[in-house]
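Residue numbers (UniProt numbering), protein chains in the order written: chain A, 1 to 417; chain B, 1 to 381.
Calculated directly from the structure, the hints in this document are not laboratory data.
Using N, Cα and C, we set each Cβ at its ideal position, and we do this for glycine too.
A few of these clues could be false.
Unchecked claim - Pulled from the structure, derived: some chain B residues nowhere near chain A, Cβ distances all over 12 Å:
hint, residue
1, 125
2, 349
3, 370
Stated by the list, open to error - Quick look at which bits of chain A chain B covers, simulated, 3 or more residues with Cβ under 8 Å:
hint, segment
4, 52-58
5, 314-324
Here is what each chain is made of, one letter per residue.
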Amino acid sequence: MSDSPASPLTTADGVPLKVSLRRAVRRSKIKAFLLVSPLLLFLVVAFVMPIFEMLWRSVDNPEVSTHLSRTVEALEGWDRESLPGEEVFAALAEDLREGQQARNLGLLSSRLNYEKSGMRSTITRTARGLGTLEPPYREALIELNDTWGELDTWKLIQREASPLTISYYLAAVDRQLTPDGEIVRAPESQRLHVTLFWRTLWMSLVITVLTLLLGYPVAFLLASLPLRYSNLLMILVLLPFWTSLLVRTTTWIAILQSQGVLNDLMVAVGVIADEARWQMIHNKTGTIIAMTHILLPFMILPLYSVMKTIPPSYMRAARSLGGRPFLCFRRVYFPLTIPGIAAGGILVFILSIGYYITPALVGGQSGRFITNYIAYHMQTSLNWGLAAAIASILLFVVVVFYLVFNRLIGVDKVKLG
Amino acid sequence: MNESLQQERNDSASETSHAAEAHFVRFINVQKSYDGVELVVKGFDLDIHKGEFVTLLGPSGSGKTTCLMMMAGFETPTHGQILLKGEPINDLPPHKRGIGMVFQNYALFPHMSVAENLAFPLEVRRLSKAEIKRKVARALAMVRLENFGDRRPAQLSGGQQQRVALARALVFEPELVLMDEPLGALDKNLREEMQYEIKRIHAELGVSMIYVTHDQTEALTMSDRIAVFNDGVVQQLAAPETLYEAPENAFVANFIGENNRLYGEVTEMIGDKCQVRLDSGETVLAKPVAAGGIGARTTLSLRPERVDIAASGAEASFDNRFRAEVREVIYLGDHLRTRVSVCGTDEFILKTPNAKHYASLRPGQSVDIGWSSSDCRALDA
């Protein structure tokens, strides 16, 4: 009687329904894509590409293979047991001479210096001394700088000839490679980043918990007060958003420093002695206080948006069913605010892990975050590879937290305003 | 002597228990103001017997929900007292009142399953696990949702959610259940079904219920007594039949059922009737209910189904007869609604059964209509 259900549906003129549907929606799809394309292009150029650039830079290792290309070639087949032969030294001399003329030995010497301190001056001095040298180069170079007589130097050059390296990542977690390729901990005096990673994580956690404790009652008030009071309160919550971040941070310096408002007040009242003023800034305390304040709105707003959707009748129902106020809160209200807690928590935590300006200004030495060292390696030490490696690890940590969070709570349940 | 003492004690016991039956819930001159300027509830008195189904009916903003919230303990009376079983409960927090409540949008906890929702009031009362399980199962059976215990409220239809809310308000066996427009969100058929369901459960359990609604049909169907609210005052508290048949004032007459209104002035009292001269000049005989004395303005209230067309042969019993012109006839299946112009109004409605001899009415036609003075109630102006 009718078509068998297995045969595909067709429109009246016999075109399969699916094809027809695709044609019908194609126009609107193209239109929609054109509308979002400016933003998409912007995101690709300003966000996606820099991230890949950063990831690439954290493993990219062009210096040795470019600037010591002859040496690297000559080192192939080297037995790694004894010093290489004359042809390798000759190749090195030629590479360095060329580099000296082109004035591009700086990158190479910095790169090798990261792996073996002293290599910068070795290369600079050797390149300068090459002018008068005659072959055979082997003894002459070792004479010029005895670093060339060490096996480890040649092992290093051979190792770093590879176009990709993990040594930036190792440095980022306070590890290094021995000449023989084993991973060991860096010397104690150079261990720095792991401590900073952990400090960043636990301080971010403390900040997140503090914003939750402080923000929850405020969000509750916002959601439950009559409109004219809640509007005023909302303005108070949003006011910091409209104030410059720098102003807010420096205000905390004015308040918390040892000759600052708070200490003066406490001395005047007699709570503390003049000579025992509290050190509340340029340390962890300062960073935590200032960042809790600055990130508080990011906790309050998601909480508020979730609480706003919880009808007051739920609590009333729970009360009428015989629950004491606290029990009703714990069993009924609180579980319903978990999506808001999760949204605010993940937002504050991720923001604070990557926060830079506030810890830089009020953190002193002990309250500094890993981001401050990314900036240091970008701007001062100019070790961009290491900066990229640290930043990539940070990105990885954030993504892992996000995935765990998604697994536990579900991003689809989160409301961000 | 011993015996007489015993007797006396028995007497007093039965008297107090009788008092508790009669005055299960009492509102004594309760007033409520939210802003200290305006009274939302102005002197509310109500006396509810044990097992009674009382509806607070009124337009929105008339103060009925406020009264319910005061009963539940979510609002405090500004003045007056509320007694439950003879005890004042003004200062008792909601969770100590032991009153079940069904909310307008059910207020089922969305993060708990149906069974967990029902178990909540039992858990807070620290019942044993087995006991909780038994009572939850019984409550679910009562609302015919035996197999829905594991579902989340969001997975249920509106009617099912309504049943769960009802079961949750009853599962801890309260003696009083409050309902705040519980059927407002349901469609018409479901609403009617639930009305009977609630009625059945009320009869089965014998609990007292206070029910708030703005739907007069709902109120008439379900209640033992109805308190009609307007403007913070109870206009009339009576059984459904009385409210419909014998409204005490113009508001109640209008609010309950359809109603023809004629305005005039009382000119004469003739025995138990009064003569009213309408503004349009006609004279009508009516039954004085809330009209003032001679010379007072009055509103005459007349149910459409109590007006008949004289051609039907029943004219002898009518002491009011007028010539009317048919304006509009609306066919409603089992009955006809005829709008006529008479006594100075174009909005006079007749409801007549769909019988053969009425079928010939056409707009523009003149007919004789009439009604008995005992059906025509002279109320306040």
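Now the hints, each set against the structure:
Remark: the non-interface label on residue 125 of chain B conflicts with the geometry, its nearest Cβ contact in chain A lying 6 Å away (cut-off 12 Å). Listed as outside the interface, residue 349 of chain B is consistent with that label: its C-beta sits roughly 40 Å from the nearest C-beta of chain A, beyond the 12 Å cut-off. Distance check for residue 370 of chain B against chain A: the nearest CB is about 52 Å away, which clears 12 Å, and the non-interface claim stands. Given a C-beta distance limit of less than 8 Å, the hint that chain B covers the segment 52-58 of chain A is violated, as 0 residues qualify and 3 are needed.
With a threshold of 8 Å between beta carbons, the proposed coverage of the segment 314-324 of chain A by chain B holds, since 10 of its residues qualify and at least three are required.
Of the numbered hints listed earlier, those contradicted by the structure are 1, 4.
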